[in-house]
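Given chain R, put chain U in place with the hints provided.
Quick note, the sequences are listed as chains R and U, same order.
Residues in the first sequence are numbered consecutively from 1, following my numbering.
Residues in the second sequence are numbered consecutively from 1001, following my numbering.
Hints in this document: simulated from the structure, not taken from any laboratory.
You can trust all of the hints, since none of them are fake.
Facing chain R, according to a computed beta carbon distance under 7 Å, are these residues of chain U, among others:
#1 Val-1041
#2 His-1103
#3 Pro-1126
#4 Asn-1133
#5 Val-1134
#6 Val-1137
#7 Tyr-1153
#8 Gly-1154
#9 Val-1157
#10 Thr-1164
#11 Leu-1168
#12 Ile-1171
#13 Glu-1172
#14 Gln-1174
#15 Trp-1175
#16 Ile-1178
In silico negatives: residues of chain U with every beta carbon more than 12 Å from chain R:
#17 Arg-1023
#18 Asn-1057
#19 Ile-1188
#20 Glu-1247
#21 Arg-1274
#22 Ala-1275
#23 Arg-1306
#24 Ala-1329
#25 Ala-1334
No residue lacks a Cβ here, since even glycine has one placed at the ideal position from N, Cα and C.
2 protein chains.
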Amino acid sequence: MTSSARAADAGADQLPAMFQRYRADIADALRGGLSLGEIPVYDMLRYYMGWVDSDGNPCEATQGKALRPTLCLFGCEAVGGSAGSALPAAVALEFIHNFSLVHDDIQDEDETRHHRLTLWAAWDVPRALQAGNVLRVVADRALERLLDGGMDYGQAVGIARMLTGAYLDMIEGQWLDISYEGRRDIAIDDYMVMISKKTGALIRCSLDMGVAIGTTDEAAIRAFRSFGRSVGYAFQIRDDSLGVWGEEETTGKPVGADIRRKKNSLPIVYTMARADGADRRELERVYGKEGLDDGDVSLVLDVMERVDARGYSQRLAERHCASALDAVAGVEMAATVREEIEELVQFLLVRER
Amino acid sequence: MTSSARAADAGADQLPAMFQRYRADIADALRGGLSLGEIPVYDMLRYYMGWVDSDGNPCEATQGKALRPTLCLFGCEAVGGSAGSALPAAVALEFIHNFSLVHDDIQDEDETRHHRLTLWAAWDVPRALQAGNVLRVVADRALERLLDGGMDYGQAVGIARMLTGAYLDMIEGQWLDISYEGRRDIAIDDYMVMISKKTGALIRCSLDMGVAIGTTDEAAIRAFRSFGRSVGYAFQIRDDSLGVWGEEETTGKPVGADIRRKKNSLPIVYTMARADGADRRELERVYGKEGLDDGDVSLVLDVMERVDARGYSQRLAERHCASALDAVAGVEMAATVREEIEELVQFLLVRER
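Isolated chain R, as found in the complex (with noise of 0.2 Å):
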């Protein structure tokens, strides 16, 4: 895409109105779920959430687009409920998500997040890694909070074990997505699962709690749970080709980082599946090797570019977002809600971060 057509783009990759509207409440709530105590891994947390610079003197780190619980508030929204009544259980899931990442960025080793050091790199292994579980817990007690907005044991505990289910897939994921490296013979399906679980699970998840809070409505609690598996392949997808073809400035990554990374992600996933003759070989030969250097970089993109794996991205990521609504289009809503589910949905097919 030419620099013009990005500017061009630019209105299509703002936050949808929602991701606004809640931001204030979710900041709020996520802010009260870290104070439970004083060690200072609470600092290392508040660090890692973007308020405060690793002195812990407050500062504007980028935000994350809390989708997770945005997701989570609209869903309940969407079929009647108060966005308030949710709030517990979006901020479980950004605290779940958050605690995911301390310790995926340990096990990827990754240095860096958002343009900032991560905490095993700013501390070390051993904190980061409690700093982790220490979220873990916050997530649980931050949605221990929903009884006290009323809601009886028995739904709670039931809302409770969605999320815990959705955590052992994303694990599950988490799992084949280890045992998929150095392999290069992963095919699109078994991409599809790894993904489903591993991102999937969770924004389902968020959808799923949503509006289980909001509605007892058992068709409109199907409809959004086939709306959320479709919007979690689609961010996936988006996210793939945005470790590939993102800019660094608005990803935090160079372009070619998931190359260079050797990861399993869809375009490299279906470049392999679909480059032949000498580009498969090439493919073969660059993979083969310890480490990518940006001559091997440039030529895997150039063989995307012959197999037009952006574009098939793309095109995969819209079918899922046709699916997405069509899957709530037999749901009742209001005409506002309905026009908001279509702008998040273009949204996610656009978004640059």
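Same frame as chain R, but now just chain U:
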């Protein structure tokens, strides 16, 4: 201790009858809890629990004492409850304990435990990290089975909160422990605070959960809470002694292991506080070194002998055991129950593993 003195003590070192009584039920429930999914992580966890070798074949590795689940079931019975009703809590405790060990092994870079490779050493850090996280979920799931036994949701949530609370304390203790590393000025009071969280919290919680499941009598609940606090201290103090003077054959660690690791355990904290003159200077010199050799270890052992660190540790453990017995002196219970409590407390003082 001479080997004949050890032989004479062999009887006292036997696990008290309560461990034998609950062993089969605990083992069955643990195995049941570890069948949530089919990904290889469950094989890793079965390996860690000592049920299979690293290829997944059944084996007879040394099992742990199952101290925490045993205390939980015993606590429940001691106040008139049925041990079976506390079984979900008991296994959740054992899973949480093992989860923390899996992560501790990573953190401390320990390659063996109970004479077997640890998970990160037998597999790798990413897989071990995830396996630990799965075990944490397994614990949550195990605890949910309290509901299957007919416990009402409110009480089950209360019990779950006890466990998360203890777990938060445990992390806080691990945190303190990390922050003490490399320091040579830890006061005995600091040490006591650290162990009361790091080890004590989960041991206290084992009794608290069992007792809360077995009775609603507030006086008994308070008495056992105090009992649990003292038992936790006695357990860790003895553990620290075994870490310095325990035989490799029974502890799985060479004599002086904790000296070599420069661990701030009770014998060294006490010795640092007591040694003066040439002894103090020698300690400073040895602990200032990067790595300790056999000569350094035996020098430290000599200083420990001069300040009678071993006698001090044992007397402190005895004092906590006496407090434990005092705590429950006023609780009405069958004579056989009180005998078992005495047997348990005696065991904590003389155990060799």
